[in-house]
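Kindly generate the complete structure, drawing on both the sequences and the hints.
Listed here are the chains, written in short residue letters.
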Amino acid sequence: AQKVTQAQTEISVVEKEDVTLDCVYETRDTTYYLFWYKQPPSGELVFLIRRNSFDEQNEISGRYSWNFQKSTSSFNFTITASQVVDSAVYFCALSEARGAGGTSYGKLTFGQGTILTVHP
Amino acid sequence: DVKVTQSSRYLVKRTGEKVFLECVQDMDHENMFWYRQDPGLGLRLIYFSYDVKMKEKGDIPEGYSVSREKKERFSLILESASTNQTSMYLCASSLATGHPVYEQYFGPGTRLTVT
Numbered sequence: 145a146q147k148v149t150q151a152q153t154e155i156s157v158v159e160k161e162d163v164t165l166d167c168v169y170e171t172r173d174t175t176y177y178l179f180w181y182k183q184p185p186s187g188e189l190v191f192l193i194r195r196n197s198f199d200e201q202n203e204i205s206g207r208y209s210w211n212f213q214k215s216t217s218s219f220n221f222t223i224t225a226s227q228v229v230d231s232a233v234y235f236c237a238l239s240e241a242r243g244a245g246g247t248s249y250g251k252l253t254f255g256q257g258t259i260l261t262v263h264p
Numbered sequence: 101d102v103k104v105t106q107s108s109r110y111l112v113k114r115t116g117e118k119v120f121l122e123c124v125q126d127m128d129h130e131n132m133f134w135y136r137q138d139p140g141l142g143l144r145l146i147y148f149s150y151d152v153k154m155k156e157k158g159d160i161p162e163g164y165s166v167s168r169e170k171k172e173r174f175s176l177i178l179e180s181a182s183t184n185q186t187s188m189y190l191c192a193s194s195l196a197t198g199h200p201v202y203e204q205y206f207g208p209g210t211r212l213t214v215t
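Same order as they appear, the protein sequences are chains D and B.
Under the numbering used here, the first residue of the first sequence carries the number 145, and numbering increases by one thereafter.
Under the numbering used here, the first residue of the second sequence carries the number 101, and numbering increases by one thereafter.
Calculated pairs, DSS-like style, for lysine-lysine (alpha carbon to alpha carbon, straight line, at most 30 Å): (1) Lys155(B) x Lys103(B); (2) Lys157(B) x Lys182(D); (3) Lys214(D) x Lys147(D); (4) Lys214(D) x Lys182(D); (5) Lys147(D) x Lys155(B); (6) Lys182(D) x Lys155(B); (7) Lys113(B) x Lys170(B); (8) Lys155(B) x Lys118(B); (9) Lys113(B) x Lys103(B); (10) Lys103(B) x Lys182(D); (11) Lys182(D) x Lys147(D); (12) Lys155(B) x Lys113(B); (13) Lys153(B) x Lys118(B); (14) Lys170(B) x Lys157(B); (15) Lys171(B) x Lys103(B); (16) Lys147(D) x Lys103(B); (17) Lys170(B) x Lys153(B); (18) Lys170(B) x Lys118(B); (19) Lys153(B) x Lys113(B); (20) Lys118(B) x Lys171(B); (21) Lys153(B) x Lys103(B); (22) Lys147(D) x Lys157(B); (23) Lys113(B) x Lys182(D); (24) Lys182(D) x Lys171(B).
Interface residues of chain B toward chain D, partial, derived using beta-carbon atoms under 10 Å: (25) Asn131; (26) Gly140; (27) Leu145; (28) Phe148; (29) Gly158; (30) Leu190; (31) Ser194; (32) Gln204; (33) Tyr205; (34) Gly207.
Hints were generated in silico from the structure; no laboratory data involved.
Here a beta-carbon is modelled for each residue, glycine too, at the ideal position from N, C-alpha and C.
In structure tokens:
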């Protein structure tokens, strides 16, 4: 069975600090996808990134960057120069391409989430 | 712009009531999902649907049922609400998948309180 662990329940930083959110996953499938979502106080989950298991290149998007390492089954998320607007709950999620029935239909297994608070 | 809407943001129901949560997406997505979100547990999948009238159980289907009569609409039904079903309910949709797996788009959520 697949599993996602976000060991950091809450992180508190001061604005302009860099912060890394950890995500460790377990899966038996060789083809899988990893996701990060942001849930601001309004409640709606916002998609940030999708990564497939064959692409280990790190990705940078503005102040956001992601480090995918298959060797350690980790997909960590770093926010550089954090801002108050980054305060949210962040979720890491995993989807296997093939489930028991031949397709996973894109079902997601989520981690517990990390509450990030950025203080001015 | 991608849009998933849910019928209510907040709902208060009494124990034993039948509760309907509605979700509508305007992206012509094949897949639709219902999750519940509880503190410390993340999001857990209740049911999903990959086509009209097709449904499959997720990880925690007990006490819930679903209905998908039209492609754009996916309903979650609590046959007899109980206090342990007090939670945030999130609906999502995505394109049909196998490989690649596409991202899901989420609605704003319904915070249900059962008293």
